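The chain contents come next:
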Amino acid sequence: MRRLTIGAVAFAAAGAFSVPSYAVTEIQWWHSMGGSLGERVNSLADRFNKSQSEYKVVATYKGTYPENMAASIAAYRAGNAPHITQVFEVGTATMMAAKGAIMPVEKMMTDAGEKFDRAAYVPAVAGYYTTAKGEMLSFPFNSSTAVFYYNKDALAAAGVSKVPETWPEVAAAAAKVKAAGAAKCGYTTSWPSWVHLENFSAWHNVLFATENNGFGGLKGKLAINTPLHEKHMANLADWSKKGYFEYAGRTSQGDSKFSAGECAMFTGSSSAYANVKRNAKFNFGISKLPYYTDAPGAPQNSVIGGASLWVMAGKPKGDYKGVAKFFSFLSQPEIQAEWHQGTGYLPITLAAYELTKKSGFYDTNPGTDVAVQQMIVKTTDKSRGIRLGNFVQIRNVIEEEMEAMLAGKQDAKQALAKMSSRGDELLRRFERTAQ
Amino acid sequence: MDKRVVFRSRWVPWALLAPQLTIILVFFYWPAIQAVVQSVFLQDAFGGHLQFVGLENFEQLFGDPLYLNSIRVTAVFSVAVTVMGLVISLTLAYFADRALKAKLAFRTLLIWPYAVAPAVAGVLWLFMFSPTLGVVAHWLKNFGVTWNHLIDGDQALLLIVLASVWKQISYNFIFFLAGLQSIPKGVLEAAAIDGAGAWRTFRAIVFPLLSPTTFFLFVVNIVYAFFDTFAIVDSMTSGGPGQSTEILVYKVYHDGFKALDIGGSSAQSVVLMVIVIALTFVQFRYIERRVQY
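Top to bottom, those sequences are chains Z and D.
Going by the numbering used here, the first residue of the first sequence is number 12, and it counts up by one from there.
Going by the numbering used here, the first residue of the second sequence is number -2, and it counts up by one from there.
The shape of chain D in the complex, shown without the other chains (with noise of 0.2 Å):
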């Protein structure tokens, strides 16, 4: 006897569908639609003069070196974020969740960092470093180090690199302790029968049966190191000193909006997009078969 769900109506899984697809159609398609439709014409911000240019926009931003830069500073700044913050909650979690004391104080702390918003962590980093004021930037100075992220490029990259990484550990983190929970004891015990010590079992036991947690925050913290970093560049360094900190976003977001040239933004919002589009297909295409789930 067949006992799956059948609709015998056409229409009721479409209606069904239909509120998701709405939202997806219209905060999704469309806008991605009109950036590429966009991006081949040149006009002026009121949208008075429109001037069909065709790859114009395309081909003034690849003949950019500054734009080039741009994307070398994303790379740079979405591998350190995305390995940093993963080693460094990875560590956390399987010490926390080793822990043997004060096990609930430690999560909760560490979880906290989840709940600020990225504006404002940008601007508590920036305390912290400030030049003249800031305290680390004091500490710094007693090992003969002179911090000035205002205009040391390498600096300020790292600046919004420590930022970023912190501001995401409480997530990666939260996923981690999950994933370390659902590992059977009965698996570790045996390893420890075996006489694995803890850095054998973690290598050979634990980390791949984490794997399938590993590959979603690794897709989760690429696509949060391209977009959502957005308000903590922006609080923090506004893509400088010179252009050492504009990310790609960053800059589609500068170009649009404050300097309302629609053509060029939207040429390179469609850039960024066929990335991550190839950097998703990447990562299902080539690291998820290393997954063990």
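So here's chain Z without its partners, still in its complex pose (with noise of 0.2 Å):
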């Protein structure tokens, strides 16, 4: 295990003497964007560089979310840092909470001359990223929200007519498509937690955790022990049970079973649109996640998946410059545009938003627009985002759960209460290591 680290560490050591130093100062940018995507963040990263001449970004691919922030941790550690790195949403509250070890991206812009303006982002996505006093502290680069995908031609099969909105809805679907052999699953999801717990807290306005899901402080606890999370858990179960619902793992999964016809029914991330349209060999929609009528409030806003970029302390200040001049490049209205176009993540700015509407595009790609149309709302504080310490192993233990669960071992109450226990036991531990 340690071998990676000092591994990660020398790697880091040897890109950052072997390059020749010009006057032009480099800007070192750690991703996580394989791919396409990563020909896209090389293809802004091209551009930015060819616009001016002062600063180089050199973006580099660091492998998954996961391993490029313990790469990042590793490099800081040994005072070797990239300038940005990419974080997913999850990391976070790790993030804010190194507070001598990261730059806040509003304080740099401001500091660099860089016009910063916090309402021009769309506040449900800058939102996750924003402290309880309204400062930015990194920024929202690839945002995506679940949603729900459905398979036009299966319903049709199975003669469902209008397309689910509810919960129940959607069960009734399932079981029409089985009952009618018009796929192999009715239903399945990626994110399990993601998804079912905290999209479902967030878009039926309840809390996730208490202190408005850890954004008002690092005291929260879970608050998923409800009469309404068990009833969507229990729903779970039964329709696992009956067939309706198909468990395909806890990370996206999901999203190719949908693709491959097996499953009629999906929720996943709306950034799985590139890959579904490239691989279906069906007629597919894309529409709201589904709530449960009898909860008031319900639809309120779901909540944000993806990444944002973090800027690393202890740098020389010439080079914040640098990489303040770059996220002004980045929030550009056009390069948010295309970005979000071809990519499936959200805009994080409303002018991206407004610029892609007015071309046309949500027209000509009907389902684009979904994920947008359910973050632009005005957020609550129950429903601003999820910030909780610990989360990567909040989530696993929530997802260990649900299987055990689905397994028929426990049922949704002993589930939600064992979520809840040892959920909370991470949180105080986090609550520890941040003071």
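It should be emphasised that the hints constitute simulated quantities derived from the structure, not laboratory data.
Note that the structure is a prediction, hence the values are computed from the model and not measured.
Keep in mind that the hints are not guaranteed to be accurate.
Stated by the list, open to error - Which residues of chain D face chain Z? A few of them, derived with a C-beta cut under 8 Å, are:
(1) 41
(2) 46
(3) 49
(4) 149
(5) 235
(6) 237
(7) 238
Said to hold, decoys possible - Straight line, CA to CA, 27 Å or less: simulated DSS-like cross-link-like pairs of lysine-lysine:
(8) Z:144 <-> Z:126
(9) Z:299 <-> Z:252
(10) D:182 <-> D:98
(11) Z:187 <-> Z:292
(12) Z:195 <-> Z:288
(13) Z:144 <-> Z:189
(14) Z:420 <-> D:138
(15) Z:253 <-> D:138
(16) D:138 <-> Z:252
(17) D:138 <-> Z:187
(18) Z:189 <-> D:138
(19) D:138 <-> Z:195
(20) Z:299 <-> Z:187
(21) Z:389 <-> Z:126
(22) Z:118 <-> Z:328
(23) Z:393 <-> Z:232
(24) Z:61 <-> Z:126
(25) Z:429 <-> Z:252
Yeah, the Cβ is synthetic: ideal placement off N, Cα and C, and Gly gets one too.
Relying on the hints, combine the two individually framed chains into one complex.
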């Protein structure tokens, strides 16, 4: 294990020293965007580098989100941190708690004299990365949210004429799909905790954790042990037993089950759009997340997933000027709109959304605006987002208990009680390390 | 006359040993000491906040029923992998050694899986057992078995055991085959003349003469099951469903590198280290005595 760290540090060090220094200031940017997303990232860096001659952004792919985060932290501890690193949303609280290690983006922008307007950003996106006082700490880069995908052909073959809008309708449609043999499975999901508890809570305007989901401080506890959450969990267990719902795994496994035509409906990230579009050999549609009609306040807004760009502390002042310039470059509506349309990630500024709308993109690509529609409403204290320490482990705990429930080892009530007690222990532990 | 080569100088032996010692110090002792040190601290991921907590990380571990469960899973897993791996490869080696035709082809085919990376092996098995699309899952359905390792913990454990055993069979096979070939033909012929059947020959002659190889493989396989199966677990189940396949080494990785709980993860690696030291001690102290060299 430890060898990995040493390796990462040695590699980082080698990278830092082997680059000959010119008058151009280099800005190191570590990210987790592989494949076609990686090409887009490189193109962004290239275009910025060509647009001016003082700074050079060097984008480096560092593996998956957890890998990049671990590498960045190891590099920081060894004094070789990159200027910019991309951290996924569940790592947000860890980064925020690392006060000496990060440079707040808003402060950096104003120090460097770059234009920065809080109101320009989509509130539900920027809110995730903003302190209680309203200061934006990291730069939202690739944000997605959970949406509902359905196979139009399979639903038609099963005689489902109306797109399901509520969870009972999803179950009824799944039953019809199964009965008609229109697909092997009715409904599946990617990212179970994110979709079925985190987004579920915000969408129904109820808390996921106390202290406003952790935005109010480190003393929060999980608040998912409620009748509404229990009803949904019990339903999932029931639908799984009846074969309407098929559990696919903890990450994005649901995506391919849907695009392969195996499951007729699925909930997953809006950023799965590009892949689904490429792979699906059937007509599909996207609509808003299902909800329960008897919950007051539903549907509210969904919460984001994806990642933001964090600036690491301890670099020369001049370097930050370059980082600030690069962020201004990234914030341009044209760049943002291009990123949004090409990837399925959310536009982070309102201007980018307007620009995309004006270009007619949503009309030619129906469904791509669903994610935006879900996010663009005014958020409440309960729905702004989730900011919990040790969140990676908490998600794991939630998914473990969910799996035990689906296996019939415990009922929904027991599962939620265990998620809460185990999750709270992790929260208390984080509270102590962050003081 | 003394024919031994003797170093007159004091430092030459050390200089010759230095490269190896450096490697051991840097890649083994230093990280091990670091793990011990970090296991008594509570710290945030960036190392900005460090608090000495004594044995609290350990207390927490052993007070956690899930950690005890992880120990149990590891025990079941490593015993299953070692026993199944040794039995199957010994059987295969025995027959491959006796095969009259296509000897070389059998051997080559049996050695192949060793060239497959653990993560790739994991994905291969995952494909075959995929609950909705997998060939084996489909085939099992005909026998009335519903295969879904994404929900059923016992099936998931069985699956990683199968993949890990399959991956290790080649390695065991090569050693067993070499061991079998080094058994003098004369002994076997003598047994045949005495009228011993195949099973009797195996039990009374082949197996005892193979015992050094078996012991060596036993130690290697236990270590393999404890540490090297990490990639298989990571690519196949990530420790789930529930915690049914969360073996100790995977938990160390997950808590340390994904969840960034450095103190807790270090405490776990110290425990793991102690377990492996204890196991190795037991193996050499008690089992090795029965080995006939």
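Hints, verified against the model:
no. : hint            : in the structure
1   : 41              : holds, 4 Å
2   : 46              : holds, 6 Å
3   : 49              : violated, 12 Å
4   : 149             : holds, 6 Å
5   : 235             : holds, 7 Å
6   : 237             : holds, 6 Å
7   : 238             : holds, 4 Å
8   : Z:144 <-> Z:126 : holds, 20 Å
9   : Z:299 <-> Z:252 : holds, 25 Å
10  : D:182 <-> D:98  : holds, 19 Å
11  : Z:187 <-> Z:292 : holds, 21 Å
12  : Z:195 <-> Z:288 : holds, 20 Å
13  : Z:144 <-> Z:189 : violated, 51 Å
14  : Z:420 <-> D:138 : holds, 23 Å
15  : Z:253 <-> D:138 : holds, 17 Å
16  : D:138 <-> Z:252 : holds, 17 Å
17  : D:138 <-> Z:187 : holds, 23 Å
18  : Z:189 <-> D:138 : holds, 17 Å
19  : D:138 <-> Z:195 : holds, 14 Å
20  : Z:299 <-> Z:187 : holds, 21 Å
21  : Z:389 <-> Z:126 : holds, 24 Å
22  : Z:118 <-> Z:328 : holds, 12 Å
23  : Z:393 <-> Z:232 : holds, 14 Å
24  : Z:61 <-> Z:126  : holds, 21 Å
25  : Z:429 <-> Z:252 : holds, 21 Å
Checked against the numbered hints above, the structure breaks hints 3 and 13 and satisfies the rest.
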